[in-house]
Structure formats: C-alpha cells, structure tokens
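Trainee: Each chain, letter by letter, is given below.
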Amino acid sequence: MKRKLVLSGSALLSLLCVAGVQAEEGVSGHVEVTGKSIDVSGNKAKFSEYGDADSGITGGVEMKYDAESGFLNFTADEIARDTQNFKIEAGQYEKFKLDAYYKEIQHNFDFDARSFYTGVGTNNLTTTATSASLPTNAAAWPSVFDYAISRDQYGAGIKLNMLKPFFADFSVSQEDRTGIKAAGVYSSVSIELPEPVDYETNTFKAEIGYGEDPFFVSMSYLNSSFDNANDYLYFQSLTAANTSEFLTLPPDNDYSKLAFKGRVKLPLSSSLSLSYGKSEAESESNLATAYNTAGNARTNTLSDPLFNGKVETTSYNIVLASNPLNFLDGKVFYSNYDKENKSDRIISTVGTTTFTNHLFDYEKTSYGVEAGLKLPADIKLTPYYKFVNVERHRGDLPETDDDIYGIDAKWNGLDFMTVKAGYERMERDSRWEQLQLVTGTQASADAIEPYIRRFDAADQDRDTFKLGLDISPNDRLNIGLGYKHKISDYTETVYGLLEEKSDSFNISADFAVNNAIMISGYADYEVATIDQTERAMATTVNTTTANPVDTNATDGNYTWTANQKNKSLDYGVAVDMAVIPKVLSLRAQFDHVRSDGLADFTYYESVPAGYTNETVDSQNWDDYSKNSILLKATYNTTEKITLVGGYAYEHYKYNDQFSDGYTYVWGATTKSYLTGAGMDPNYNANVFFLTAKYKF
Amino acid sequence: MRNRLLPKIVVSAWSLAMITMGGLGQFLAPDVTQAAEIAADCASCHEQSVASFKSSYHGKAWKGANGCQACHGQTNQHLDTEQSKKTIFSFAKDGGRSAKERAAQCLSCHSSSKHVAFWETSKHKSAGLSCDSCHTGHSNLSKNLKMPQTELCFSCHKDIRSESNRQSHHPIKEGKVSCSDCHDPHGGFGTKMIKADSINELCYNCHAEKRGPFMYEHPPVEENCMTCHSAHGSNHNKLMAQKVPNICQSCHDWSRHPGTPYTQANSFVSSAPAGRGGVARSCQNCHTTIHGSNGPNTLGLRYVK
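Protein chains in written order, with our numbering: chain V, 1 to 696; chain P, 1001 to 1305.
Chain V with its partners taken away, still in its complex shape:
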C-alpha cells in the first residue's frame, strides 16, 4: 500500500509541477466514481478469475495536459481494487517521453480450499496426521485458504528522440508475485499441496540506435532477475514416522540478452534486415544429498551437490525484401536459433541406481522465399516456401526437416468486398533413433519404442485451408466471414497421436439501422477431433508383447484408443440505441460461449468390470457454458456530467469427468488427498453498477 501511495503521490506531484509552470494552458480529462454491487452464488473465484469480486466503490481519472512545452497524461482506473492501474506519461512529441506505471493483475483460481496441513501460505506444512490417523473428514481440516496469485507490477522508462536520428530508450520494472497455487506430490499416497508463490522479477532494458533513411541500427540490452523466496516446500508425510519431505520450487535465475538489429534500404525498392542476439540464463541450486520419501530416509550420492544451470542462446536472422517491379513483391530469409545447454551434468547414485541428468538443447535453422504477385483484376497471389531443420539433443527424434509451402490469394476487385483464400502444406520428416533410457529396463524400451512417435517431433503431413470474405456494401453494413480447415496426419505413428483435425467457422457483422440504432454480432463454431492409440503394458515388455498386431492381448497388455471431440460455440449480439441523441443512450448485450466434449474410449482387451466399450466413454470432457447479459444506460446530464448505470448477469456451468462428484479424500486402497483445486467452478452472478463521470 505504501508503494502505491508513493507512486500515486509522486505522479500527482509531477502533474502539479508542470501544470503550475504552464498554468495558461488547458487541462482536459475526466474523473469518475463507480459503485458496484456484486452478488455471486457459487464459485466467486471463477467469476472473478482476473478481477475483483467484491462489492465496493472505485474510481478513475484521466488527465491530459497539452502545452507548448510538452504534454502530460495521467490515467488511473479501478482505483483501490485488486485490478487497479496508474500510469503517467510526460514529454514532448518527437523529443522525449517519460512514463511510470503501477499495475495489478489478479488471477483467482479457487476460494475456500481446504487442507489438513497448517502453515498454508508458508513453505512449511505441518500435520500430526499419520497413516494411523488419516485425515478423512475434510470439514474438520484446520486450513481454509484461497488459490489466487496477485501480480503487482511497477516501472518507469524514458524515451529520448531529441537528438534525431539517434534515439535511446531505458526502462526498469519490477513485478512482485504472491499467492498460493496448487501442487501435488506422491509420498506413498498422492497429496495435493498449497504451494506458496513469493516471486520477484526485476527487469532492466536499454536500447540505443540510429534511424535515418536508408539506415536503421539499434543495440539493446535486457537483464531480468527472478527471485523465489522459497527454494523448497516442506511438508510432513502421512507415514507412521510423520517425516518431513520436500518439493523443490523454481530456482532463482538471472537472464541477460544483448541484441543488434539493423536495416538498410537498397536500390530497386529493396531492403536488407539483419538481427543478432545472444542470451544467457543462469541458475544455482543446492541439491539434496539426504531426503525422505514415503517415510523412508534416503541418501543420494552426487558428483556435485551444487547444480549450476547455464543455457546460452544465439540467434541471427537475415531478410531481403524487394519490390523491384510493380507487380512483384518478394522476400527471402534465413534464420538460425541455437540453444546450447552448458549446465552441470550431475551423477546421482541411490543404492545400485546410478544415472546422469540429461541436458536438452537444440538448433533450429530455417530459410525460405515468398513472392507476392499482383495480377490483373486486382488479384494478388503470394506463393511461399519455407524449410525448417531442427537438431535436438534428444534420444527418440533427434532431427526433423519441415517442408512448408503454400499460397495466399486475395481479391479486392470491388470496393465493397475482399475475398481471401489460402492453402498451406507441411511435410515433416523425422529421423528416429532408439531411445536409450536414463534409468529403467532398456530391453522393454527396445521392444516398444519402435512403434512410438511423440507428436511434437513425429513425421507429419499437415494441410491447412483458409477462406475469408469481408463485405461492406454500404456505410451501414459490414460483414466478415471466415472458415479454416486444418488436418495433421502423423504418418509414422503406431502408438501416440495419430490425427488432429479442426474445422472452424467465424462470422461478425455490424449494421447501423439508422443514425440512432446500431446492431452488432458475432458467432464462432469449431469442431476439433484428436485420435490417439496407446498400449497399456506391464513393466517388462518384450518384442512379442509389444507388437501392435500381437494377438495375445491380455489384461496387462492391450491396445486402447481415445477419440476426443470438442465442439466449441460462441456468439454474441449487442444493440446500441441513441434514445435522445447526445443525451441518453442504451446498450443491451448478450454473449454465450460453450464447449461440448467427448472422449470415445475403446479397449481392445481388459474393459473395466461393470463397463463396456459403450459406457466407458467420457461424456463430460471439459463441458461448459457461459451466458452473459449486459444492460447499460448512459445519460449525459450536462456537457460535463455523465451518469452510467446498468446491470450484468453471468451464469457459468461446468461438467467434467475429472471433477464431477469431487471428494477431498478419494480412493479405496490408494488414497488421494485433495484440497478443492478446480472442484466446482459453477456460478451465478448479478452485478449492479453506477458511475458518475465529470469531464473537464
């Protein structure tokens, strides 16, 4: 709060200083006060996911000051709420600008979550519960808390252009992130834990450059320092000994980047653009040589108890753009991004198990060409080709080559209509290698891995079609239509993701019935499907049992498929009416969004007892619907005073296989202890609001 007052006070002081010096000049803006009455039944956190769900009074200010010597703008909104913003800018157009801001972003997940641990919000969770006295009655658990995270951001900057063609920008910012989020661990039972979030990130940016045709060059530097106040989240296990265990939390890190960008204009309406960047991220963590897990004490022999993380990236890009002829607009580019992992390789030994951490890095190279061709009858065709190669330090799919080619077409032969169409095909060729396990039974991997392709780097053919139409037959009517079809076929995959497909339709329109009434609306519909085939197997696998055409499927060794389907729909309509022009206007708005999901499972053996392949399907697969209504009246009582009043209603309903019938303690022999994260997001909300605004 003190920081907020310092920032606001300083901003206002600055405002008064300049206003005092330039008192002869005008100040314009407005001040507003808003009262909100909010009534929520159900999940208040989901209703106000990025907002403040409490009733109350808030305010806003906008002040603009323009004078011969410069300008000064001050804005504030949602004052005293969890989402408040303050921003002040001052300077001279084309000479310099100073700015400072304070901004709050709230992210609410779930309110009134429960835990049998005490110390929630700290990094030390304690309990007296043990396997002999398991905490089964959630209503009696001692801790009730909110899953929510607040980001308080503030910063300042200066932009200098007074020495044109040279320029310089500098800024500093800080973000404090605090709150609680859900985590989970396994310690003979599965336990959901409230993880404390207490992060601070400081960022400094600087850029200096020169911009005068035909040249533009700039050098920039960025430093970002992340600090987590907690290295570990300690919690007591539910075992007989009630031992203390820990979950590791994100380590502090320092990141810096130095970058160069440049452009030179060349003859024949051409330009050459270049960039080069080099960054470095570092972390340092003390590793545990002794720890408890599931109530058992373990010692972990490490080659070095201190882990030094270090990742360097180098990137460069070259783009030659040219418009040598009136009908030809081309581009050729080459880029390279190299991520090199120089972190420590640590040898861990527990008992007879010894392994070394695997460090991941990759290099991505791409190049391509694009040619925009203007044809008669206002047709423009833009064919393009792009090649992307990724070499990654990864066992199964160490290299991929993507051939991407397509064409975009645009026709705007009529003043009132534009038609766009596009097609793109990507063919991904992957190099597969037998995965070498860090730990585990290599023979099993040798048997099954030849059939598995992980979708992020698997061989793939992808086709995308797009169609768009914008029509404005007159000044009163605008219509936009869009369609997109996308299909990805994972051509070499036997186990894994086989196909992804989506078809989406979009429309938006606005129509001015007359000078007093405007109607606008939109609608979007998408059907998306994902097909996957997987193999459930016992721990040890051999070449016979891993074979997908194996006819000896058993309860412990069988193929299953999941065909997911999601139908998404959203639409809205709004009517704006000037009842008394420039005096009284009304707005009525309705929005609806929904998704209907289905996961169609098929077991090729081992259907669970009591189920068939028909009844085992998941009918509730992130199903939800939200209806929102807004009614608003704006009344300009005088030239300077405006009153805005209204009512908003929102209803949200969610059903999902993973949360329907939620219980805090779950499972017959193997327990899961939950805290209520994502338990029941349903809500109904009614909001009344009234704003009084004074313009000056």
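There are no misleading hints in this set.
Think about it this way: if two alpha-carbon atoms lie no more than 27 Å apart in a straight line, the pair counts; the simulated DSSO-like pairs of lysine-lysine are:
hint : chain 1 : residue 1 : chain 2 : residue 2
1    : V       : 164       : P       : 1060
2    : P       : 1063      : V       : 97
3    : V       : 257       : P       : 1123
4    : V       : 95        : P       : 1143
5    : P       : 1123      : V       : 386
6    : V       : 97        : P       : 1146
7    : V       : 653       : P       : 1238
8    : V       : 410       : P       : 1100
9    : V       : 582       : P       : 1146
10   : V       : 632       : P       : 1176
11   : P       : 1114      : V       : 64
12   : P       : 1176      : V       : 257
13   : P       : 1060      : V       : 695
14   : P       : 1192      : V       : 205
15   : P       : 1093      : V       : 420
16   : V       : 87        : P       : 1176
17   : P       : 1093      : V       : 380
18   : V       : 205       : V       : 95
19   : P       : 1192      : V       : 410
20   : P       : 1176      : V       : 103
21   : P       : 1192      : V       : 380
22   : V       : 626       : V       : 567
23   : P       : 1054      : V       : 95
24   : V       : 484       : P       : 1195
Covered, in the sense of this in silico footprint (three residues per stretch, anywhere, with C-beta under 8 Å from a C-beta of chain P), are these stretches of chain V:
hint : segment
25   : 199-213
26   : 274-285
27   : 352-360
28   : 523-530
29   : 554-565
30   : 674-683
If you're looking for bench data, these hints aren't it; they were derived computationally from the structure. Source: prediction; values computed, not measured. C-beta: ideal position from N, C-alpha, C; glycine also.
Following the hints, position chain P against chain V.
Mentor: Quick look at chain P alone, frame taken from chain V:
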C-alpha cells in the same frame, strides 16, 4: 537479497527527470506556422474530420505546424475544380491509392522510427495491409488506432477472438494483456511476428519461474511452450492444447500408469474407482514439476518433487 529500494529510486528519479525535462522543453518547443488557415478551408466541407484531427495525437504533436496537406497532399485541384477523392491523397477505400502508396505516405515521416523499421519483413505487409488498415491520423486513441487494440485485431483474426473467449484464456478481453504485448504487428524476426527470437523466450518474460535452467528438463517444454499450451485460449484448464492426461499419454506410453486409459471407469462417480490419474488434476496430482525439477534422484527425473 531483494531490492526493495528500487521502486523508491525509480519514482524519485522519474519525478526529478520530469521536472528537469519540463524546463528543457521550453527550449525545444517546435515552430508554429499558420497551416491552420488551409485546415479552415477543408473544414468548410469536412468539419468533423478537421475537428477530430485537431484533437488527435497528430494534431497535438504538430501544434498547427502541419495541416491537412501533410498527409492528403496538395489540395488546389480538389478545392478549385473537382471534389473527387482522387484529386487529393485519400486513404478511403475508393480513394484510388494502393496499400503500398498509402503506407509510403505514412512512412515518408515514420520510416526512421524503430517501430516500423522492419515493416518490409512483416506478414501484414505481405497480406496487403497498409498503415491505415489499423491507424488513422485523426485518432485520439493510443497509437492512433482506429479502435481499441483487441477489438481491432479481432476484426481480422476471428479465430483468435474465438479462442480468447474460451474458459481458459489469458486476460486479453479483461484488458490486462494486449495483442501487442506479445506480437509486433509492424514486423520483426520472430515467428508469428512475436516479440522474441523464440516462443519460450517470449513466455518467460511473464513466466520467469519456468526459465530454469533445471537439472532435470522436460525436452518438449524446453523447446516450445506451444507444444502443450494454446496461448490465446482453450477449452481445457491451464491453456492446455489437449486435455490432461491424454496430452501426456500422447508421449508417455506403455509402462504402468502412463499407458493406462483414464476413462469414466476411473472417475469420482465410477462404480469401481481406481487410479489417481482419473480424478482432479490427473497426472499433476503427483507430477507437479513438469516444467523442470531440481528434485532428488528419480523423483526429480520424473518431475514428482
């Protein structure tokens, strides 16, 4: 050690700099000419346009030093003989000027600006857009935009509008994140015009805790956040591109629970529930540190601790 002094230093330095610059500004004020006379001629027919220009950023910045001709060209023919849009430089759809010509008109002043220095590399330029597709010299909105930014971008990117309406989304429509926080509509070197050399580099700007570097890394996480997440919005929690556990099982197959189907038979309401993967946060009921871990031994390797 946290630097709690930083905000105070910043605020104090900012205030001092502003007062100093306010004084300096007296010596840097631009010369004002009488271009307003010509604007008055224009206002006789285009009263509303001239009024909006005067209250626009352009109008304020120029302080009368430039008039309508600065953008619309010489007006003699337009005033004297023919009122056709084609006798001036018009930005209207039926003004007879190509996108390239309209962009060139703006770039005649702005081409040295760092914001548009790489316009030639832009996908928007390739798509035939020009500056006036999004901006107007008569605007008094931030960045001279024709309408608020999110609304403006969604007017073309309707599929993104749809995604941002979904139940899990970045706070775009709530006004806390804007398109230009991540994308540079004027072009650059990043894929999808993002303001970074890689997607992960962009995401780490706000999610610095994911940056690591970790001892145990999750390769697809380290290569591309978008392998698992859909940045604009999703039907599935945490912006997941597919639902957990199926997205995890797309890669983690066979042995024990990674290869086990989690169906209606494993849910809270099933007749014979079994398996932790079938309820609540599924795989993440136990595997929390999936973005990377420094946990001990195989517990870290498997992102359990």
